[in-house]
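A.B. asks: For chain A, the structure is supplied; the task is to place chain B on it using the hints.
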Amino acid sequence: MNALQIAARIRAGEVTAVQVVEAALAEIARRNPVINCFIEVTAARAREEAKAVDRLRSQGGNLPPLAGVPYAVKNLFDVAGLPTIAGSALNTSAPAATTDAVLLARMREAGAILVGTLNMDAYAYGFTTENSAFGPTRNPHDTSRVAGGSSGGSGAAVAAGFVPLSLGSDTNGSIRVPASLCGVFGLKPTYGRLSRTGAYPFVASLDHVGPFATTTADLAACYDVLQGADAGDPTCAQRPAQPVSASLAQERPLRVARLTGYFDLYASAEALAASKRAAEALGATHEIELPEVHRARAAAFVITASEGGALHLDTLKENYAQFEPLSRDRFLAGALMPVDWALKSQWLRAWFRSRMAEVFSRYDVLIAPATPVSAPVIGTEWIELGGEKLPLRASMGLFTQPISFVGLPVVAAPADVAGQLPIGVQLIGAPWREDMCFAAAARLEKAGVANVRIAGG
Amino acid sequence: MNAIDIEKYVAAAAQAQGLTLDPQQLQRVAAIYARNADIARLVMDFDPPEPIETAPVFTP
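In order, the protein sequences belong to chains A and B. Counting in the working numbering, the first sequence runs from 1 upward without gaps. Counting in the working numbering, the second sequence runs from 1 upward without gaps.
So that you can see chain A by itself, here it is in the shape it has in the complex (with noise of 0.2 Å):
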């Protein structure tokens, strides 16, 4: 069942909320073991949660949108009671988060239930949930293979039927990515839109937050719920909730834009089918290129190595042997480069907003793959992309990348052919005009393109 069905039954008396997560409970006791997305789960809260949502209705209270929804969120929130371990050994003792990051508040007053925190790359970089202190979240299509990352857990446990819904971050595809290669939804809103409040931080220039959920009218829900003003968050807008729930189903002109160039070169055969596919359905009208998109991705990168290795430069000092072996050395290196580099990828970033603001100006959505590839088998160092080998990790975001690089907010939906491993396309918005990027995926999803497959067992 998907968040709004089981809202919906409970609302009508048909379960409820405590029958839901005893459920979900033990449903991720009995298939968690393989998957390896859940690294805590958060069952007396849960059931103290969902008692409060059946006590409130036995009184006739009126339920709130997502009452008794279970969800779950990459282990970087604040959860009260519990240590933001953000992926890392090193801070399961650290103090006790004393309150919820201002995301989970918000749920919890939607009267959605938290099941637990997901697992994820250590401090979020990576594509791929290949967390050495917590082991590999594997994708529950295929499980020798990864489910992506970095918020693999939370693409994961909702691709597994584990949650309807879960909050993930995206820096530089952290959403996208899993969601691409566990065949769900995901939302990247734009920069700034939703508050971060209680979010351990990567890349702060560049850190978004988002849900992922089975259909877009659930991701719409939680979204929705999700947005508002945030004063503890300097980054999120002091600007007013736009819901896009009531407009979802609303038929709408769209002017579509597939991209090629860069996007094509790098592309397996199933990425570019994918992208083709929902440029068809959705009646795009032009193939365009980004100017020095390549460059755009580079910046991104530069930005996210020299701040990231900024961040954790104290930690790396002291705690150099405890560090995730896997980025211990990427985030050193990034700590030492010239602050040239950095400062000059700035600058392209304001260059390169105002080329995307003109691009605007004649498409409401561009079209791409979110990544190169559908996921790939667990341990992989290298691929070959566009006849260039490339280091796996890094390049499972070339086509994310340089679109969060300038905070744009994307839906990344399922456009996959039933039988394959899934993959997905990114549908890009102007900034603020998530309604856009939700219109288009809800026509793939209308068209038949957009289907999220849950991997039960």
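Simulated from the structure, these hints should not be mistaken for lab results. It is possible that part of the hints are untrue.
[As the list claims (entries may be wrong)] Examples of chain A residues toward chain B, derived with CB under 8 Å:
hint : residue
1    : 292
2    : 299
3    : 302
4    : 305
5    : 317
6    : 332
7    : 344
8    : 348
9    : 350
10   : 351
[Stated by the list, open to error] From the derived model, a few chain A residues whose C-beta atoms are all more than 10 Å from chain B:
hint : residue
11   : 1
12   : 19
13   : 55
14   : 90
15   : 142
16   : 236
17   : 239
18   : 294
19   : 298
20   : 340
21   : 381
22   : 419
[As the list claims (entries may be wrong)] Within a straight-line C-alpha distance of at most 20 Å, the following computed EDC-like cross-link-like pairs (lysine to aspartate or glutamate) qualify:
hint : chain 1 : residue 1 : chain 2 : residue 2
23   : A       : 276       : A       : 264
24   : A       : 276       : A       : 289
25   : A       : 51        : A       : 22
26   : A       : 317       : B       : 7
27   : A       : 317       : B       : 22
28   : A       : 344       : A       : 264
29   : A       : 344       : B       : 22
30   : A       : 389       : A       : 270
31   : A       : 344       : B       : 45
32   : B       : 8         : B       : 22
33   : A       : 51        : A       : 14
34   : A       : 446       : A       : 251
35   : A       : 276       : A       : 445
36   : A       : 344       : B       : 38
37   : A       : 344       : B       : 47
38   : A       : 51        : A       : 109
39   : A       : 446       : A       : 280
40   : A       : 446       : A       : 435
A virtual CB, placed ideally from N, CA and C, is assigned to each residue, including glycine.
C.D. replies: Structure of chain B alone, referenced to chain A:
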């Protein structure tokens, strides 16, 4: 910089940060640094125009 210069730079820059790298660490970090330098060259070659600097201002 060639590979030897990069190793020297990485060792010196790490030392300046209070980190002494053993030979294997140095080799690994220098290899990543060299890849980063290749990627950064795409930015430096383009020489993006300097934007009007934005800095936080008090409002109102």
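A.B. asks: Hints first: check each against the structure and report whether it holds.
C.D. replies: Do the hints match the structure? See the list:
no., hint, in the structure
1, 292, "holds, 7 Å"
2, 299, "holds, 5 Å"
3, 302, "holds, 5 Å"
4, 305, "holds, 6 Å"
5, 317, "holds, 6 Å"
6, 332, "holds, 5 Å"
7, 344, "holds, 5 Å"
8, 348, "holds, 4 Å"
9, 350, "holds, 4 Å"
10, 351, "holds, 5 Å"
11, 1, "holds, 45 Å"
12, 19, "holds, 51 Å"
13, 55, "holds, 45 Å"
14, 90, "holds, 17 Å"
15, 142, "holds, 29 Å"
16, 236, "holds, 15 Å"
17, 239, "holds, 15 Å"
18, 294, "violated, 6 Å"
19, 298, "violated, 4 Å"
20, 340, "violated, 8 Å"
21, 381, "holds, 13 Å"
22, 419, "holds, 37 Å"
23, 276(A) - 264(A), "holds, 10 Å"
24, 276(A) - 289(A), "holds, 15 Å"
25, 51(A) - 22(A), "holds, 11 Å"
26, 317(A) - 7(B), "holds, 19 Å"
27, 317(A) - 22(B), "holds, 13 Å"
28, 344(A) - 264(A), "violated, 27 Å"
29, 344(A) - 22(B), "violated, 32 Å"
30, 389(A) - 270(A), "holds, 18 Å"
31, 344(A) - 45(B), "holds, 10 Å"
32, 8(B) - 22(B), "holds, 13 Å"
33, 51(A) - 14(A), "holds, 16 Å"
34, 446(A) - 251(A), "holds, 11 Å"
35, 276(A) - 445(A), "holds, 15 Å"
36, 344(A) - 38(B), "holds, 15 Å"
37, 344(A) - 47(B), "holds, 7 Å"
38, 51(A) - 109(A), "holds, 15 Å"
39, 446(A) - 280(A), "holds, 14 Å"
40, 446(A) - 435(A), "holds, 16 Å"
In the structure shown, a violation is registered for the earlier hints numbered 18, 19, 20, 28, 29, in ascending order.
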